[in-house]
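Asks: Going line by line, the protein sequences match chains A and B. The numbering used here applies: residue 1137 is where the first sequence begins, and numbers increase by one. The numbering used here applies: residue 209 is where the second sequence begins, and numbers increase by one.
Please keep in mind that the hints were generated in silico from the structure rather than gathered at the bench. Be aware that one or more of the hints could be misleading.
Stated by the list, open to error - Derived pair list, reagent style DSS-like, types lysine-lysine, alpha-carbon separation capped at 25 angstroms:
no., chain 1, residue 1, chain 2, residue 2
1, B, K246, B, K302
2, A, K1207, A, K1150
3, A, K1193, B, K302
4, B, K302, A, K1145
5, B, K262, B, K276
6, A, K1193, B, K264
7, B, K276, A, K1193
8, B, K264, B, K279
9, A, K1219, B, K264
10, B, K314, B, K264
11, A, K1207, B, K302
12, B, K302, B, K213
13, B, K213, A, K1145
Unchecked claim - Label-pair distances were calculated between CB atoms; the ranges are:
no., chain 1, residue 1, chain 2, residue 2, range
14, A, S1203, B, Q222, 46 to 56 angstroms
15, B, A249, A, N1189, 44 to 54 angstroms
16, B, Q210, A, K1145, 25 to 35 angstroms
17, A, L1249, B, N235, 34 to 44 angstroms
18, B, I319, A, G1199, 28 to 38 angstroms
19, A, I1196, B, P248, 17 to 27 angstroms
20, A, N1154, B, E223, 40 to 50 angstroms
21, A, L1247, B, S282, 30 to 40 angstroms
22, A, N1220, B, Q210, 13 to 23 angstroms
23, B, N275, A, D1232, 44 to 54 angstroms
24, B, T253, A, D1195, 21 to 31 angstroms
25, B, P322, A, T1213, 42 to 52 angstroms
26, A, N1154, B, Q210, 38 to 48 angstroms
27, A, Y1146, B, Q210, 22 to 32 angstroms
The model shown is predicted, which means the values in this text are computed figures rather than measured ones. Note that CB positions come from ideal geometry on N, CA and C, so glycine has one too.
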Amino acid sequence: DGGITQSPKYLFRKEGQNVTLSCEQNLNHDAMYWYRQDPGQGLRLIYYSQIVNDFQKGDIAEGYSVSREKKESFPLTVTSAQKNPTAFYLCASSRDRDWGTQYFGPGTRLLVL
Amino acid sequence: DQQVKQNSPSLSVQEGRISILNCDYTNSMFDYFLWYKKYPAEGPTFLISISSIKDKNEDGRFTVFLNKSAKHLSLHIVPSQPGDSAVYFCAARKSGGGADGLTFGKGTHLIIQP
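Chain A with its partners taken away, still in its complex shape (with noise of 0.2 angstroms):
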């Protein structure tokens, strides 16, 4: 069965505490992305990769680091510098960097104790 997973599906961080959100897909696909959704938002692109070993920041990559080291995995690290990191984090897909449509995982959201 292929597709986007994301876990875990609900995560709890420290004041200053670092944490790691998996992305995983089996899609073969090139593209992955992570966005970030607030209550009453859109989506907001926080980092994206284009191929292994690359990745670019997007609109809100401040507080937030990412690795792209296998093609089906794209973590991402929301660092003691984030200060604000409760929001809803979504990972997506798409099949090459021309191929506008992403395919998203199930999500996990994050909050703050």
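We have chain A already, so just place chain B on it with the hints.
Replies: Using the frame of chain A, we list chain B on its own:
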């Protein structure tokens, strides 16, 4: 500055009638438009898309219309069903290729009333 705008936060439609969701954009560089459906605490599901070289795309009960001169697109759902109740996001991609992400509107909450 919002480049993709969905001016109706919510829309209520009777079951069986037509639902029309609207979206306006400001960036002339957008060349590909998509509609996503989202339930609470879930990821968005792709519904339908349209390239800027077309003015209409149809898939079952869903039709998207694009008016480039007005920088406006709309999603028509006919007939509306209870399972259509969800938040609908309009999204756009800039021309020139490159997987640099989509720009999303804030969404419209569609409520289908029995």
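Asks: None of the hints should be skipped; say for each whether it holds.
Replies: Quick rundown of the hints versus the structure:
no., hint, verdict
1, B:K246 x B:K302, "holds (23 angstroms)"
2, A:K1207 x A:K1150, "violated (30 angstroms)"
3, A:K1193 x B:K302, "holds (16 angstroms)"
4, B:K302 x A:K1145, "violated (31 angstroms)"
5, B:K262 x B:K276, "holds (9 angstroms)"
6, A:K1193 x B:K264, "violated (33 angstroms)"
7, B:K276 x A:K1193, "violated (29 angstroms)"
8, B:K264 x B:K279, "holds (14 angstroms)"
9, A:K1219 x B:K264, "violated (43 angstroms)"
10, B:K314 x B:K264, "holds (23 angstroms)"
11, A:K1207 x B:K302, "holds (24 angstroms)"
12, B:K302 x B:K213, "holds (15 angstroms)"
13, B:K213 x A:K1145, "violated (29 angstroms)"
14, A:S1203 x B:Q222: 46 to 56 angstroms, "holds (49 angstroms)"
15, B:A249 x A:N1189: 44 to 54 angstroms, "violated (33 angstroms)"
16, B:Q210 x A:K1145: 25 to 35 angstroms, "holds (30 angstroms)"
17, A:L1249 x B:N235: 34 to 44 angstroms, "holds (39 angstroms)"
18, B:I319 x A:G1199: 28 to 38 angstroms, "holds (35 angstroms)"
19, A:I1196 x B:P248: 17 to 27 angstroms, "holds (22 angstroms)"
20, A:N1154 x B:E223: 40 to 50 angstroms, "holds (48 angstroms)"
21, A:L1247 x B:S282: 30 to 40 angstroms, "holds (36 angstroms)"
22, A:N1220 x B:Q210: 13 to 23 angstroms, "holds (20 angstroms)"
23, B:N275 x A:D1232: 44 to 54 angstroms, "violated (29 angstroms)"
24, B:T253 x A:D1195: 21 to 31 angstroms, "holds (23 angstroms)"
25, B:P322 x A:T1213: 42 to 52 angstroms, "holds (45 angstroms)"
26, A:N1154 x B:Q210: 38 to 48 angstroms, "violated (31 angstroms)"
27, A:Y1146 x B:Q210: 22 to 32 angstroms, "holds (30 angstroms)"
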